[in-house]
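Keeping their order, the protein sequence lines are chains A and B.
Residue numbering for the first sequence follows our numbering, starting at 10 and increasing by one per position.
Residue numbering for the second sequence follows our numbering, starting at 10 and increasing by one per position.
Hints in this document: simulated from the structure, not taken from any laboratory.
Warning: the hint list may mix true and false statements.
[Claimed, not checked] Keeping only pairs whose Cα atoms sit at most 20 Å apart, straight-line, the calculated SDA-like set for lysine to any residue is:
(1) 270(B) to 137(A)
(2) 89(A) to 267(B)
(3) 84(A) to 460(A)
(4) 84(B) to 149(A)
(5) 433(A) to 414(A)
(6) 401(A) to 474(A)
(7) 422(B) to 349(B)
(8) 270(B) to 134(A)
(9) 297(A) to 308(A)
(10) 89(B) to 308(A)
(11) 84(A) to 349(B)
(12) 84(B) to 264(A)
Letter by letter, the chains look like this.
2 protein chains.
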Amino acid sequence: MTWFRNLIKLSTLKNSRQLDPKFTATSPLTLIASLSQFSTGTDASPCAGLGPTKADEKPRVVVLGSGWAGCRLMKGIDTKLYDVVCVSPRNHMVFTPLLASTCVGTLEFRSVAEPIGRIQPAISREPGSYFFLANCTGLDPHNHVVQCQTVTNGADTLDPWKFNISYDKLIIASGAEASTFGIKGVKEHAIFLREVHHAQEIRRKLLLNLMLSDVPGITEEEKSRLLHCVVVGGGPTGVEFSGELSDFIIRDVHQRYAHVKDYINVTLIEANEILSSFDDRLRRYATKQLTKSGVRLVRGIVKDVQPQKIILTDGTDVPYGLLVWSTGVGPSPFVSSLELPKAPGGRLGVDEWLRLPSVQDVFSIGDCSGFLESTGKPTLPALAQVAERQGKYVANLLNRIGKSGGGRANSAKEMELGEPFVYKHLGSMATVGRYKALVDLRQSKEAKGLALAGFVSWFIWRSAYLTRVISWRNRFYVAINWATTFVFGRDISRI
Amino acid sequence: MTWFRNLIKLSTLKNSRQLDPKFTATSPLTLIASLSQFSTGTDASPCAGLGPTKADEKPRVVVLGSGWAGCRLMKGIDTKLYDVVCVSPRNHMVFTPLLASTCVGTLEFRSVAEPIGRIQPAISREPGSYFFLANCTGLDPHNHVVQCQTVTNGADTLDPWKFNISYDKLIIASGAEASTFGIKGVKEHAIFLREVHHAQEIRRKLLLNLMLSDVPGITEEEKSRLLHCVVVGGGPTGVEFSGELSDFIIRDVHQRYAHVKDYINVTLIEANEILSSFDDRLRRYATKQLTKSGVRLVRGIVKDVQPQKIILTDGTDVPYGLLVWSTGVGPSPFVSSLELPKAPGGRLGVDEWLRLPSVQDVFSIGDCSGFLESTGKPTLPALAQVAERQGKYVANLLNRIGKSGGGRANSAKEMELGEPFVYKHLGSMATVGRYKALVDLRQSKEAKGLALAGFVSWFIWRSAYLTRVISWRNRFYVAINWATTFVFGRDISRI
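Full structure from sequences and hints, please.
Structure (structure tokens):
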């Protein structure tokens, strides 16, 4: 029973905040103490972390975020040249274009989530590469250090813990936040559709409302309210979610919630036109298809969101049971807090090589960044496609820099960076439900090119996604999910 | 835009608690008002619900609970003879023997959850059959009425709502509760393993601890604590979970959490012997296998549970990061609150036909019931097998009663019920990890019969479960999950 006695010894040292010897002496992870500009808040202990890399170690690339941009970058980076450290509040990437399908059970949640360790295996294996479940709370570009705090989601496992990481190269890919346009009540009562937990919440609430509306004594009005699903925002996410929802109603609710099937309705509210980035003909097609499957399209602007109804600017009250908000994104508080030059719209301003020009060795990609006005380039749309292309570009750029010996902090100042980043739009896709989709392969709204709508597009849409979901495991699960939904219908267990 | 104007009208009637006309006049759902013994608490409105069935309607069977017993009964009941109303806080059955496998991702959560509408489709289609997401809060056996309250899980969708249901036949199958033996802190800090949300919580916490323990600056002691998984209770659930956990560690943690793999440990604490219902030889085999895969078996009794450590009766402190509690079950507060004759152990007392003999038309099956002492029969173990057999028995009994015209309330008093319920144990199975399982096909501990252990047993164990998971959809998903776990390893996305 020696092992058990050893185990018990540990308890005498409970919760001690002594520093792990590994982090102070024997390893590349050295203590960064007394960086006076770092306020550590209420935590009085010195801030531990990963210190500057030494000559016998690989240079360290720190990636903030695990979305399309950050993950594509990590996938592309040469781990023979660099150690990779990822800091993100979630340990997986969300395959956002398929997220709407998980809300009603067409796909399962895990089929659209890809663990970062599967995208870049070095993170779980290499001694100098790490994934930290944490938020970045501050940046000190002059000392090449980021400050972080662990994310514990209220678990009593461990108190939030602060630490610092020195970087040789930093990539800020922390994304954007859903915009509420300052409308009161949106954050409290509406559900966004950006993370897996949002989709889980939507699915649980939808099933809850379906069941509650069947309880004896509920009034007709209350039933109609509970089963009124309102989607605000007519971009691809809002349209795809509305389409999925109407599919779910037509196919599954009619069969499995026969008592209340006549009370369920979907309304899509958009201030302008739906799918404004698509071809006119495709947009008309989408409008026709959505209307045909029972989605009510309303042009309106939301003024106020209350627990059970929203109020439009024209004074109309719209009662709802489920409210999904997908009106686009704006800068996150972290990005806003950084005192660095910004691009139009409050994004971090980057030059043609996606660098932050005012500091050394910092890049920014994805929804959190935009070209500085001085570059003369337009702000790119907040699309997975843009983020992915930028991640790939910076990965290649860093690999080139690393090969030429510029991997260390402050060592690539004079280096020739090669071709700047140029974005070429490959086209847009959106599904509108009932095995119909839109595919717009034009490079811009004004350009000429192929624009398709219908079943063939839907087939292209599915195939395109099947080949883009990153791992074979998830490709397999997406195909299996689609097949079982087709054969057995969607799963309605509320778990 | 007529539809939208109609929609808006609803909002003027917001939250009104007027009674739905459907429930007062045109349908079998009539108002049960002023049943003076029903206190409706803070809710001042009269209690709506399903009134007594009329002559032109089918008799109504009300089932409380959606576990093995209730679901097997609903599956077996003849819906040409009866309307079925199920009242349960969850809309699915949990395939409990496979629940331990979902905690580490060997199986997915949805593969072990079967929606009630798939078990008994009449519930979602027939006009007189319902599923209500609610708890039963009271029983008035003399008036043949149960009182219920909706379960809203804190959602702001609708306030909890009370209603009554009249029954012709009532089946109490509401199950038991995990026992804590009055030990302080168990409910607050330990996780049970009885529902899908428990398994989800375990999986999230395990992955959280794996990631937190990798954060710089965490002490060695804290790391060992975070990654110490303690299981209390050496019954089949505790043993299977420990086995799954050690499989996960050997196969997945070593590959994907290489930095912290040497800190993770599993300890199984049991006051007596593990798997006490199994054959001695099988028990020794299980002990050997578990020890070989790194599970530490400790004989001890827990005295106190604190947020980060448990204290045993001998004074030992055991620090933990994850604590799973599976020490058996006891009566639920609802069952304890019923003023009806009880069986030993506080269960609802039933006669040989599983009826509550003091009242008319009430049966009780599964973990919440036990034979009255007067029957001279022993209390049956709280096993899925017992519950399932009892559900099947009562379904057949009710079908016979219904066919003979005794379906209505108070109409089967003098009826001959036929053969009483006799339980024949078919054997026990448990897996111990690493493709090894125990199969004990003896009818009791003293009886002779087949007792196997090893890979063949494991294969029998898997096949037996694959043929017992109720729907083809879930059989398919369980097989697919097992295959992908084998090929790709377990999924570690923390969603």
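Would you list, in rising numerical order, the hints stated earlier that this structure does not obey?
Checked against the structure, the hints that fail are numbers 3, 4, 5, 10 and 11, while the rest are satisfied.
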